[in-house]
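**Student:** Residue numbers (our numbering), protein chains in the order written: chain A, 1 to 188; chain B, 1 to 219.
Hints are computed from structural coordinates only; laboratory data are not their basis. For every residue, glycine included, the Cβ atom is placed at its ideal position computed from N, Cα and C. One should not assume that every hint holds.
[Said to hold, decoys possible] For each label pair, taking beta carbons as the anchor points, the in silico distance ranges come out as:
hint, chain 1, residue 1, chain 2, residue 2, range
1, A, CYS35, B, ALA198, 45 to 53 Å
2, A, GLU30, B, THR73, 19 to 27 Å
3, B, ASP98, A, GLY135, 51 to 59 Å
4, B, GLN200, A, ARG78, 49 to 57 Å
5, B, GLU40, A, ILE131, 54 to 62 Å
6, A, THR57, B, SER18, 55 to 63 Å
7, B, GLU194, A, ALA21, 26 to 34 Å
8, A, ALA62, B, PRO80, 41 to 49 Å
9, A, ALA37, B, THR73, 45 to 53 Å
10, A, LEU92, B, GLY81, 39 to 47 Å
11, A, SER54, B, MET195, 21 to 29 Å
12, A, ASP70, B, ARG102, 19 to 27 Å
13, A, GLN142, B, SER180, 58 to 66 Å
14, B, ASP62, A, ALA21, 40 to 48 Å
So you can see what is in the structure, the chains are spelled out below.
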Amino acid sequence: MAMRCHEASERLSLAADGQLAAEELRVLNEHIEGCMACQRTQQRLVSVDALLTSPRTVEPPASMTNQVMDRVRAHKRRRALVLAWSRRAMWLVIIAATAALVAMAFSSAQDLLRSESSVYASLVRSLLAVIQLGGTLARGMQVVGSALVQRMNLAILAMYAALAIAVAAVWMRLVARGPLGAARVRGN
Amino acid sequence: MKPKGPLTPIGDQPTVESQERAWAIAASQGDEDAFAKLVEAYQRPVYNLAYRMLGSTGEAEDAAQETFLRAFTRLHTYDPGRKFSSWILSIGSHYCIDRLRRRRGKTVSMEELMTERWLPDEAPKPEQQMLEGEREALIQNVLQDVAPQYREVLILRYWQDCSYEDIADITDTSVSAVKSRLHRARNALGEALEMREAEQTEQAHQRRRVHGNALSRGF
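Okay, chain A solo, but in the shape it has when bound (with noise of 0.2 Å):
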């Protein structure tokens, strides 16, 4: 049965790892024998096999599991003081951004003094609104603090959206002429 001495010389490779049958050996050799290539392959990875069997191993320095721990606590160290200052940069935004909507609520109301008659009312109203608000957007804020540390992003976003929402919702409030506040003023 003939072989071509390439698939011969892989099947040399197969037989270095014990990994051929006594019949596939058998026509293996059988090849080789006629084959000077093929001896010469094969001499090549008899030399091979000698050099790499049972090869020695090397010690690692006895140190090695405390200067990997080491670093282990390092990088946990650095990653929680990543997330303490994102968070720290997390609070800013959101006093910024209570500040601004306390800004526009009260500016929102002198506006309302000036116009209307009953603006007593709807400035106590209006403010009674925002500190409202003010403490569920807290609330609401100290729960995604603590999500951060899993989805910082995620959180970040409904952050924004949570903001985008109160904003809105004070602004038809006290404006007075979205459909939410008009209704209430007539209502009561």
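Starting from the known structure of chain A, arrange chain B on it as the hints suggest.
**Tutor:** Relative to the frame of chain A, chain B by itself:
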């Protein structure tokens, strides 16, 4: 990320593998001691892999540490269905190959070459008489002569005693690709070995000639 159900089915013998899986899962949930146990268990194979891939103990130490640190930061990606040994060796060998790729651009100083490489100072002897130290040095040299991808499969086969399936898992290829790569790797290493031997013979001749001339000049 909690494991689904118990780690080992009731009545199942706790094997080394399931123990390692349990450690890996505990470590991914923040258990530092569990991770330290994994480092302890795998420092030898990872360090040896790096030493044979990179060629020096200094680099091997750094690479082994880096491998474990990478493993730590990627613990959440570890699939408990996979052998932990395959996972960690895969991280290690990828790291070494990356490092070799980065090194290719840099030039190696002569001093480094002198300390990293074994320089023969004696005439070659028949293989069976070769001293253990010389054999070791020869192995290191010929390993560095072949391409990293070949070196990788040879190390996994001979040093880590991996099966074809394990090698395929570690190197991210198929079993048939492993077979042919191992075949080409053996041939490449065989050629490197022949070149080294020819070089040594040549050097020995030259030395003899120089030595002979020195003697004839009366030194």
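**Student:** So which of the earlier hints does this model not fit?
**Tutor:** Hints 1, 2, 6 and 8 are the ones this structure does not satisfy, whereas the remaining hints hold.
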